[in-house]
Structures are given as C-alpha cells and as structure tokens.
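Q: Sequence:
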Amino acid sequence: MKITRIVTESFRWPRHKPITNGLHTYTHSGLGVVRVETDGDLTGIGIGSLDTVVKAAVERFAADLIGKDPLDIERHWHDMWVPKLVGRRGLTTRAIAAIDIALWDLKAKAAGMPLYKLLGGYRNRVPTYVAGGYYEDGKGLDELAREMLDSVAMGARAVKMKVGAVSQREDLARVRTVREAVGPDVAIMVDANCAYRAHEAIQFARLIEPLDIFWFEEPVQPDDMAGHRRLAQSTSIPVATGENEYTRYGFRDLIREEAAAIFNADALVLGGVSEFMKVAYLAQAHDLSIAPHGPQQLHIHLLAAIANGLILEFYRESTDPMHGQIYVHDVVINEDGTVSPPDVPGAGLEPNYPALEQFRVF
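Using my numbering, read the sequence shown as starting at -3 and increasing by one per residue.
Treat the hints as calculated values from the structure; they're not laboratory data. As the structure is a computational prediction, the values presented were derived from the model and not from experiment. Even glycine gets a Cβ: it sits at the ideal position worked out from N, Cα and C. There's no promise every hint is true.
Stated by the list, open to error - With a straight-line Cα cutoff of 20 Å, these simulated PhoX-like cross-link-like pairs (lysine-lysine) come out:
#, residue 1, residue 2
1, Lys113, Lys274
2, Lys135, Lys13
3, Lys64, Lys(-2)
Stated by the list, open to error - Across the chosen pairs, the derived CB separations fall in these ranges:
#, residue 1, residue 2, range
4, Ser230, Ala59, 49 to 59 Å
5, Arg165, Ser232, 16 to 26 Å
6, Leu67, Leu19, 34 to 44 Å
7, Gly36, His74, 19 to 29 Å
8, Asp65, Leu207, 48 to 58 Å
Start from the sequences and build out the full structure, keeping to the hints where you can.
A: Rendered as structure tokens:
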C-alpha cells in the first residue's frame, strides 16, 4: 500500500455568540481535515487547525510522503520533524500532528479495529467532564448556573469553567455560584488560559480552595514553569497544564520542573498520536495523569488506550453550535457519565460532509 495523495480541507462556522476565556475571545469554531489517500482503497482522516500556514506545511510534507508506505508512521514522523527547520514547536508541529493522526486512523482501518484497540485497548468507557463556563455578553450568575446544571443533566459528573478575565472577587463569586448550583458531588475544574502571573494565581487558588476544586488549569503562561511549580507548592488544588506544550520534550521539562500533576496533552498540538502516546507513557512512569485538551472525537480513543488516562474533555452545543453534526460517528455521554469510543475501524473521524459543506473554506 502506498500514499497517492494528501488533501487538506477547512470548515468554519459562527458560534451562537462570541465566547471569552481568561485572555481570548472566539467568534467562530471550525474543523480542519487532512485526508491521506492510498492505492489500497483506504483513506486516513486527520484533524487540526488548518490555517494558511498549517495548510502550506501539510502540502510541503505531502510532497515527500507520496509513494511511501503509510504504515511506517514512526519513520514518517521523524522525517517530518527537523527542529532546525520545522516542527520544534508551533504551527509546523501542528501540521505534523494532523498528518500523523491521519496515518494512525488509516493504520487502524487497515487492521480492521478501532484506534483505541490498536493502541492498547485499556477500557471502553472513560469518565468525562463538560467544558464551558465562558464569559459572554448577557451571561450573569444565573445563566452560568443554568449552563452548568444543563451539563450535569446531560450525564456529566464534572464541569469546567473559565476564570481570569474579571477581578478575582468576581471570579470567586462565579465559582461559588457553580458550586452551589451543582452541589458537592460534581467535580469543578477552573481554567485561566494563562491569564495570571504566578503570584496572582497563588492568590486566586487560596480564595477558591474551600470550594473543593478538582484542578486549576493553565494558571500562568506555558513557559513559566517556575510559576507553575510555585503554585503547585502553594495550594492543595492540583495544577493541570500542557494544552500549549509540544512534543515529548516539552512534557519532559514539565515533569523535571514538577510543574503539574495533570497533563492536558493535545494530540492536535503536540505532534499527533505518536507523540501523545509517548507523553502518556512518560507521564505514567512518573505516576502522573493525562486529561487531554481538545476534541473528544479523537481523544476518547487515546484515553481509552492508556492506564493513566484521568478524564475526557467534552464540548457541547453551548460552545459549538455544530455539536453532534460534525462527524458521522458522533460520541455521546453515557448514562454513567462516561464516553465510549466509536466501535468502527479507525478513529471515527469521518466528517459529516452534508452538514459541513455550507461552511467550507477550502
């Protein structure tokens, strides 16, 4: 079997209304697709953020992959990853990730099994939390509480909310409102999206500690590992980070600096399935947990494959109006608050083209 063509596609659609986290506002959502086609009637599907830079990088890598065996994934990853030129961090690493995801999807299809089975098959049900709690125009404490209660009604046993865009006292009131709404038995994560400096994160952690917080995510900038460590040593709340970290080397440094207890590794960012699995095993050797950032459609397979997977991030229609319509094989929350991987060969990433076509960019 040989690679015959690599195609990029991009879709973008408006959100119900702009959503804001600790630092950024998002008006649109979308889907980037990389299709790796072969002469064996199999096509691998990768996903990622395909802006013009990533698209150009994928096309550059594609020129060297045509005619190669798609199953030689480790070789292809290292051929693409040349840190002096591309791939050390940033958008070119994300291009490598999209191709790598497509190759693993293709490999699982060739094996006739779901990706999580091919990667290890540790379990077929993974605990999940619903991500949300963004700042929005017209969204007060009552609306925030209602959103969280709706997420719990979906079956979630854990919810996540944003902090960092308003004063600490205002955010304390928001977190307290959510705790009072969902009760003592639902876990609450808070996510600052790097909005704080270390001393501010320490102050805020002390304010919310009595509210039984499951983790404090991305409290400071990704490269402030000393700040992560200072916070981790100052609070009983576990620190989570890693959604903006790249390759096994970035996570090696987080481990060495004792910067976090939980890694929010994102396969779309750090370098694909290949690097995600290396990060997971590296974390496992240090008794650390993996709780991925990013789309549930792929990460359910990766979490189901490993023993140190903690919990899956799940996005719903409140943050993405196309929720449930993006993929042919959609994943849902089970009655016990878990999510199961699609029981189909591959990663179940086939786009739902009839629903997406109206939003095509290229």
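Q: If a hint holds in the structure, say so; if it doesn't, say that too.
A: Evaluated hints:
1. A threshold of 20 Å between alpha carbons decides the hint, and for Lys113 with Lys274 the separation of about 17 Å falls inside it, so the pair holds.
2. Taking the CA atoms of Lys135 and Lys13, the gap is about 11 Å. The hint holds against a cut of 20 Å.
3. About 5 Å separates the Cα atoms of Lys64 and Lys(-2), which keeps this hinted pair within 20 Å; it holds.
4. Taking the beta carbon of each, Ser230 and Ala59 are about 50 Å apart, inside 49 to 59 Å as hinted.
5. The hinted window of 16 to 26 Å between Arg165 and Ser232 holds, with their beta carbons roughly 21 Å apart.
6. One distance hint, 34 to 44 Å for the beta-carbon pair Leu67 and Leu19, holds here, with the actual separation near 41 Å.
7. Look at Gly36 against His74: about 23 Å separates their beta carbons, and that is inside 19 to 29 Å.
8. The hint said 48 to 58 Å for the Cβ distance between Asp65 and Leu207, and at roughly 53 Å that hint holds.
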